[in-house]
Amino acid sequence: QQPVQSPQAVILREGEDAVINCSSSKALYSVHWYRQKHGEAPVFLMILLKGGEQKGHEKISASFNEKKQQSSLYLTASQLSYSGTYFCGTEGTGGGADGLTFGKGTHLIIQP
Amino acid sequence: DAGVTQSPTHLIKTRGQQVTLRCSPISGHKSVSWYQQVLGQGPQFIFQYYEKEERGRGNFPDRFSARQFPNYSSELNVNALLLGDSALYLCASSPLGGTRTGELFFGEGSRLTVL
Chain S
2 QQPVQSPQAV ILREGEDAVI NCSSSKALYS VHWYRQKHGE APVFLMILLK
52 GGEQKGHEKI SASFNEKKQQ SSLYLTASQL SYSGTYFCGT EGTGGGADGL
102 TFGKGTHLII QP
Chain G
422 DAGVTQSPTH LIKTRGQQVT LRCSPISGHK SVSWYQQVLG QGPQFIFQYY
472 EKEERGRGNF PDRFSARQFP NYSSELNVNA LLLGDSALYL CASSPLGGTR
522 TGELFFGEGS RLTVL
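Sequence order for the protein chains is S and G.
Using our numbering, the letters of the first sequence correspond one by one to residues 2 to 113.
Using our numbering, the letters of the second sequence correspond one by one to residues 422 to 536.
Quick caveat, the hints were computed from the structure, so don't treat them as lab data.
There could be a bad hint or two in this list.
Only some residues are given here: those of chain S computed to face chain G with a beta carbon under 10 Å [what the hints assert, rightly or not]:
(1) Gln37
(2) Lys56
(3) Leu101
(4) Thr102
Even for Gly, the Cβ is constructed at its ideal location relative to N, Cα and C.
With these hints in hand, go ahead and build the complete structure from the sequences.
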C-alpha cells in the first residue's frame, strides 16, 4: 500500500516549473510532503487533509483529490535550493496511529 | 532552539549483535516516532511513542523495540542484527499526541551498517 510517486526523477533549469504526483490505492485521511537533501533529514513541506484543510510553507502549493486518492505538489519558478528528493507520505482513514507510509521519492535536480 | 538530536550518527555492527539508538526530541514535543530508511527508499514507520506509551507500531519483527523516557527522549533497540537492518534510522518528534500524524521534525539520523 505504498503510494506511487511520479516522475521518478526530473531535471529542470532554474526558473522552470515542476509537478510531482502521488497516488494511493487506499482511502486517505491526509497526504504529507517532505523534501530530503543528500545526507540530511527530511524537511516538512505541507500537509493536506481530507476535507480541504492545508498547512505548509507559503511558497509551496499542492492539491489533494480525495476521490482519486491522489495528490500533486507544484513547484513554480524553481530555485537551485529546490533540488533534492521529494517524498509523499500518506495516512489512511483507519483510526490507528500507523504513522506515515512514504513513497519511493522523486529526485529533483535544478540546473543553473 | 535545538532540533531533534540523534546519537550515534554512524555505527558499524556485525550480524547477531544488538544496537541501541538514542533520540532527543525538540523541547516541548511529547511524541517521538522512529522510521527506517533503506538507501534509495522512503522512510518506513517503525514506532510512535507519546507520553511514554507505544501508540503505533509498523510492520517490523519483535527484534525491534523502543521506549520513551519521562523527559520524552527515546531509544530504539534492535536485537540479533541482520544484514538487512543496515539503514538510516530516523527519529521524528511532533507536538501532537493523537493518532493522527502532524508535522514531523526529523533528526539527521543514525546510519547503521551491519557486516
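Okay, the hints, checked on the actual structure:
A cut of 10 Å between beta carbons decides the hint on glutamine 37 of chain S: the least distance to chain G is about 9 Å, and the hint holds. Against a cut-off of 10 Å between C-beta atoms, the interface hint on lysine 56 of chain S holds, since the closest Cβ of chain G lies about 7 Å away. Interface restraint check for leucine 101 of chain S: the shortest CB-CB distance to chain G comes to about 6 Å, inside 10 Å, so the restraint holds. The interface hint given for threonine 102 of chain S is met, as the beta carbon of that residue sits about 7 Å from the closest beta carbon of chain G, less than 10 Å.
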